[in-house]
Structures are given as structure tokens and as C-alpha cells.
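Colleague: Here this note's numbering is used: position 237 in the sequence shown is 221, and no number is missing along the way.
No false leads were slipped in.
Ranges between beta-carbon positions, derived for each pair:
1) Ser(-4) / Met66: 23 to 31 angstroms
2) Gly279 / Cys46: 39 to 47 angstroms
3) Ala29 / Val129: 34 to 42 angstroms
4) Leu20 / Asp177: 15 to 23 angstroms
5) Gly86 / Lys22: 14 to 22 angstroms
6) Asp177 / Pro146: 29 to 37 angstroms
7) Lys194 / Glu(-1): 51 to 59 angstroms
8) Lys272 / Pro131: 23 to 31 angstroms
9) Ser190 / Pro8: 45 to 53 angstroms
10) Arg244 / Glu218: 23 to 31 angstroms
11) Gly274 / Leu(-2): 43 to 51 angstroms
12) Leu(-2) / Lys272: 37 to 45 angstroms
With a Cα cut of at most 27 angstroms, we get these calculated DSS-like pairs of lysine-lysine:
13) Lys235 / Lys272
14) Lys235 / Lys193
15) Lys272 / Lys71
16) Lys195 / Lys272
17) Lys141 / Lys(-11)
18) Lys71 / Lys191
19) Lys5 / Lys141
20) Lys195 / Lys71
21) Lys138 / Lys5
22) Lys27 / Lys(-11)
23) Lys5 / Lys27
24) Lys71 / Lys194
25) Lys71 / Lys276
26) Lys191 / Lys72
It should be emphasised that the hints constitute simulated quantities derived from the structure, not laboratory data. Idealized CB from N, CA, C, for every residue including glycine.
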Amino acid sequence: MYDIKNLYEPTSVLEALKLKKEHPQALILAGGSDILIKIREGKLAGCDLISIFPLDELRGICIEDDGSILIRPLSSFTDVVMHPIIKKNIPVLGEAVEQIGGPQIRNIGTIGGNICNGVTSADSAGTLKAYDAILEIASLEGTRVLPFSEFNIKPGKVDLQPGEILTGIRIPKESYENTYGHFIKYAMRRAMDIATLSCSVNVRLSKDKKKIERLRIAFGVAAPIPIRSITAEESANGHIINEELINTIAKGALTDVMPRTSWRASKEFRLHLVEELARRATTESIEKAGGKIHG
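Build out the structure end to end from the sequences listed, making use of the hints.
Modeller: Written out as C-alpha cells, the structure reads:
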């Protein structure tokens, strides 16, 4: 049984925002794959819920007039994996969320819920950060725009103010155009497990395929929140593609991460994974982009 005090079911985003303002303590229910488990375990017993799941205006993926890809937050993981816009332009995002849970979880779980939970292991978060995602957050006062890089405050805490709801995830055209990416999730089991560590890389190469024009690299479970390694990125941009580049990226990533020891893995093992996954994901991204690593 689920111990829920009140369940509100708005029929529009505007109504949902009004309910959120009237009941600031109420939690937003999207797919429910996380929150319902916590209610059943008693961690959120007796809570109020505002279910936005039926709101189709918060569902769907499209390309806007400016070329940016807009992902509505109620798009399920399966929607993301299967959508032709994602497959053509950001296939690595589909590859990342396809590793979440099993088919039932991917059918009900939403990309918006995944990042709003604020956990460092969110499988979509690293790739969205690596693609400079921008969030659209609505309230009755209007909509504010926030870089996803600033959204995570601390474990389980994101920059959603009372009365606000996430309404859009936008990937700018300049962030995905001519880029090729790779995602690696290391987990204790091969399926239906939380990441021990994850790494998402994307690259844009020079026309002659000999240099890195731009590199983005992000990690999950390598710090209290999902993070990008700015040190590794800056050291790679403009660099000739060779083994020295791969080593520079892997070592640079180590300077930005802050993993901890948990029952899943020690800090030392996670540091090893940061370096190794950075090497592998960068190598795969370069090869997908048509580059070749020389000695």
C-alpha cells in the first residue's frame, strides 16, 4: 500500500503551477519509478503529490526554429531511445538512458524526473551536461532559463524553487552539431543496476580529422553531483589526436573528480575507473567522428 495524504491531478501546466503554489510541500509525481518506491518504503509516507504524468504538453521531442533540440521532461527513457531526432543528432543520449533499469522502468521513467532527483548516478545527467543542456523552469511568475551545469546544488538537491516545475530540456545546435559521443557505465551487474561510475564524452574534430576542435567529458558518481571535467576539456581542445592526447585527458579528469568510498566501490577504485573510462570513451568518440589515434 502507498501512504499518500492527498493526490492532486491537474489538467494543464498552469493548473499544476497553481497547485504547487497552494501546496508548496507537495511533491511532483512524473513517472513515479523513484518516488513511489520511497513512499512504499515509508521514507515519504503521508506526503501530498501533484501528478503531472497525464500532461501531454510536457511530453515530446522536437527541433526548434533555432536548431536546438527540445526534450520535454515527461518524455520517457524509451521515448528518448527510440526518437529519430535523438538517434540522428545525439545517439549517445539514447545509449545512456537505454542502460537504465529494465524495459518496464524505461517505459514509465522520465528524463525530467531523472535529473530532478539530483542524484549523482542519474544516467542521463552526464550526457546532458556534456552537451551543455539548458533547462526551462516555469512558475506562475514566468519561465527562467538555467544551464544544467548549475542545476545540481548538492546530493539530492537541485535548483528548483518553491512553485517551480521543469518544463523543458534544450540542447543548443552548436553543442550537438558535428559531434560524436560515447557513454560508458560501469556497474556491478551488467543490467538493471546503479552505476558504480559513468563517463560521457563527445568530440568535434577538425576538418582533416587530425585535431580536437572541442571535447566535452562528464562523469556520474565521481563526485557528490554529476560533473564535467573542465581541466580535461581545456587540455584537449586544439590538441593533435595521438596517444599523448588520450593520456592528457585521462590525467586531467583525475584533477576534477572527488569520488568517495561506498559499499559499491572504494575511492581508489573509482579513481581508477575515472582514468580508464575517460580513455575508452574518448577513444571511441574520436573513432566515431572519423579520427584515428596515432602513437
